[in-house]
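Residue numbers (this note's numbering), protein chains in the order written: chain A, 1 to 607; chain B, 608 to 800.
No lab work stands behind these hints, which were simulated from the structure alone.
Keep in mind it's a predicted model, so treat the numbers as computed, not measured.
Treat the hints with care, since some could be wrong.
Residues from chain A that keep clear of chain B, each with C-beta distances beyond 12 Å, as calculated [claimed, not checked]: (1) 65; (2) 83; (3) 88; (4) 218; (5) 285; (6) 289; (7) 308; (8) 366; (9) 420; (10) 436.
Between beta-carbon pairs, the in silico distance windows are [claimed, not checked]: (11) B/797 with A/523: 18 to 26 Å; (12) B/797 with A/396: 54 to 62 Å; (13) A/417 with B/800: 47 to 55 Å.
Glycine is no exception: its CB is placed at the ideal position from the N, C-alpha and C atoms.
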Amino acid sequence: MSTAPNAQYTLGIDLGTTHCALSYVDLDLSEGEEVAQHVLAVPQVATPGTLGESSLLPSFAYLPHPDELERGALTLPWNAEPTLAVGEVARRLGGQTPIRLVASAKSWLCHPGVDRRAPILPPEAPAEVARISPLEASRRYLEHLRDAWNHHHPEAPLEDQDVILTVPASFDPAARELTAEAAHLAGYEHLTLLEEPQAALYSWIQARDAWRDEVRVGDVILVIDVGGGTSDFSLITARQSGRALELHRVAVGDHILLGGDNMDLALAHVVRAKLEERGTPLDDWQLRALTHACRDAKESLLTDARLDAVPLVVPSRGSRLMGGSLRAELTRDEVTSLLLDGFFPEVDADARPTARARSALTQLGLPYAQDPAVTRHLAAFLGRRLGADGTTGGGSFVHPTAVLFNGGVLKSPLLVARIVSMLDRWLGAERAEPVRVLDGADLDLACARGAAYYGYARRGGGVRIRGGTAKAFYVGVETATPAVPGMEPPVRALCVAPFGMEEGTDAEAPPQEFGLVVGEPVRFRFFGSSVRRDDEVGTVLERWGDDVQELSAIEAVLPLEGSAAGEVVPVRLRATMTEVGTLQLVAIPRTGDRTWKVELSVRGDAD
Amino acid sequence: MDEPKPSFLARFFLAYVAWFRTVLDADFAEGVVRLRRGQLPANAGTDANAQGPTSRAPAPKPVILRETSPEAALQLLGILQQEGRFVDFLEEDMSGFSDAEIGAAARVVHEGCRRAVREHVTLEPVRSEGEGARITLGEGFDAASVRLTGNVVGQAPFTGELRHRGWRATRIALPKVTQGHDVAVLAPAEVEL
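Looking at chain A on its own, in the form it has when it is part of the complex (with noise of 0.2 Å):
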C-alpha cells in the first residue's frame, strides 16, 4: 500500500523543471472541507554563508570546485559540509559558472534518447567535474525537501508521511518510473505519484468552497498547464454516478517540451539582435542577464496592456555601473509577435503543430518541441481525442466547456485572454457555448497544493478524479520474414496495457510468447499511445501512423538460475499498474511460479 498507516500529514511535493515546492495537510486538525493546509518554508543557502527560506527550491545543483568556496559557504542546519549545493545558491552560481550547473533535470528525466541513470549533466562540464545523471538530481532536490521538512518537524518525519508526487500527464512510464525510483533512493516510503494537471483542479477545488455550483454534469474541463519546460494538455469530466459528481480524467496530451523559459531565451535573442545591430556585441554573461531582464519585462507587458514598452538594462560586469551599462527596450510589437503570435498564434481548430527548423529555442541536448506554437499543439491535442469525452455529437474536435489555467505563464491575463477567444472561435463555428474559466487557484503554488489535498481527499471520501493510465502500450514484436539486405525486418505492436488500466490493477498477459535468451539483456521496442482508446490487451497493430509513439525500448535480462545460459525461454508479458503509479511489465516463463521484472528506462536508442 502506498499510504501511511500513521501519517499525521499528507505531503505534496511538486518537483517541477524550475522549482520545486511542498505543501502539506495537517490531518488532525483537518474535518471534512476544513482543510488546514500550508506551505513549507524550505530553508536553503541564499549566496554562500547565508541561510534563507523560501516556499519555492529552485530545481537547480551546482557542482563546486574544491577551491572555490570557503569552509562552510553551503551550510544546511542538517549538513555541515554539503559537496553538491542545491535551490537558490546553485542557481545564483550557475548563472556565473554554467559548466557547473545542473538545469531542467526533469526535462531529461524524460528524454529517451539518453542513459538517465548516467552521470551525463551538466552536458557541457568538462572532464574534471564529476557529474550526476539525472535520476541522482531528482534524488537530490527530493532529499533536500526531505531534509527540510524534518528539521521543521521532527516530530514526523516524512518517512512516515503520505506523500504525492506530481508529475506531468504526458510523462511515460519509464520517466514515471524513474522518478518513483529517486523518491524511493531519497527515502521516501509512502509513495503516489499524481498527474500535474489533476493536482491542478484539486487545488482549484479545493480553494472554491462552492465548487460543486459551478461544475455541472457533463462537463468537459480542459487543462491547459505551461510551466517553465513543459506544456501539458489534460481532459477531464463530470459526470453523474449515483448521486455524487464524478470527475474523470479523460485524455492527455502528448509530452511537449515548450514552456516559459523558451519564451524568456527567444525574447532575449531579440533584443541580443537589436543590440548587436548598433555595434555592441554581448557576452554570454551579458545575455543571462538580459534573459533575466527580459522575463521581468516580459510579465510587465503581458499583466499590463497601458505599457507600451519596457527599459532593460544589462548592467556591466564591474564596480562601475554607469559607463558600461547596456540599454535596450522591449516593446509591445516585440512582444505581441513574438509570444502571442509565436507560440500562441491565433490558428484554426483543425491547425496540427509543424515539424520545421528551429532558431534561437533550443539548448544543447534536449529535444525541444520542433512548432513552438502552443495553440496548435492545443488544437492537435483536441481535435485527435474526438470522443475522448464519451460524447457522439458531430464537431471536428472535443469541444470543452470548461477550462483552468496552470503554470507561470498563463499568470498573464493577454494570454488567458488569446487562448480563451480563440478556444470560443472553434467552439462557436461549430455551434458550441464558449468555454467558462475557472480561476482562483495559486498558479505558482497549485501543484503542491492540489496534491497534498488530493492526498487528504482520498483519506475521508472527498472529491476523486478517476484516470488510470492515460496511453496504451505495445511492445514490438518482429515477424518472421525473410532477411533483406538493408531492410529492417517490419515490427508489429502488440497490446499489453489497455488505455485507462486503474492504480492497482493487472492486465492480462497476451498468449504472444517471446523469446528470451538466459543470461543475455534482450532488448524489445516499446511504443504508446494517448489516441487509441479501444484497443485490448492482445491487439496486433500491423502498421500506424502518428497515433502511435515509439518510447524508449525495454529491456529484460533472465538471469541464469537453473537454465543454461544461451538457452531460450519462452515467456509472456504482464503489465500492471502499481499502486504508487507507475506501470510494470513483467515477464511470466511458461512453466515455473518466478516472473522477471522488465526494465522500461534502458538507454534508448529508439532510431
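Chain A is fixed; fit chain B onto it per the hints.
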C-alpha cells in the same frame, strides 16, 4: 578611592579614635564588622550627602544606549549590493554622466533593491490616510511613530496636515549566517578563469 593612602601617624590616630568608637557606638561597631568581612558599610554609598536617613533620594538611572548589531546592517548592505548594485551606485562618481546614463543605472538599482527589500522586509505606512489629509491626534498618541512639526503649541488633541505617511517595518527576515561567514565582505571580488 581617589584619596591618598593615610600615613603611619594618621593610621595610629585613626586606630586610637576607632578603638573608642567601636566600644561606645554599636552602629559603628557593626560597620567595622562588615568592613572586616570585606563588605562596604551599609550606608557607604550615600555617606557623602547623608545628613539623615530621611533625606535619601533614588539615584538617577544611568543612561543606557543600545549597541545595534553591525552584523545585520552589513548583511543588508551586502544583499542590496548583490541584488541591486547599491554600493557600486553610491561609490560611483556621477559627475561625468548624463541623466540618461544615471537613469539607466538607477533602474538596475531600483529594481534590484526593491526586490531585495520586499523579500526580506515587510513595509507598511505608519498612517493609512492619504498625504495632505487632515488628521487629529488624541492625547497619549505614540510620539515615536508620529512626529509633530511646525507650530507645535498647546494641548492634545492636535490637528494638522499629514505631510509624510511614515514607514514601519512589520517583519524582517534576514538570512541566517553560517559560522565563520564574513559579513563585512559585501561583494566578493570576481575573477573569471
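Hints the structure violates: just list their numbers, smallest first.
-> 1, 3, 5, 6, 11
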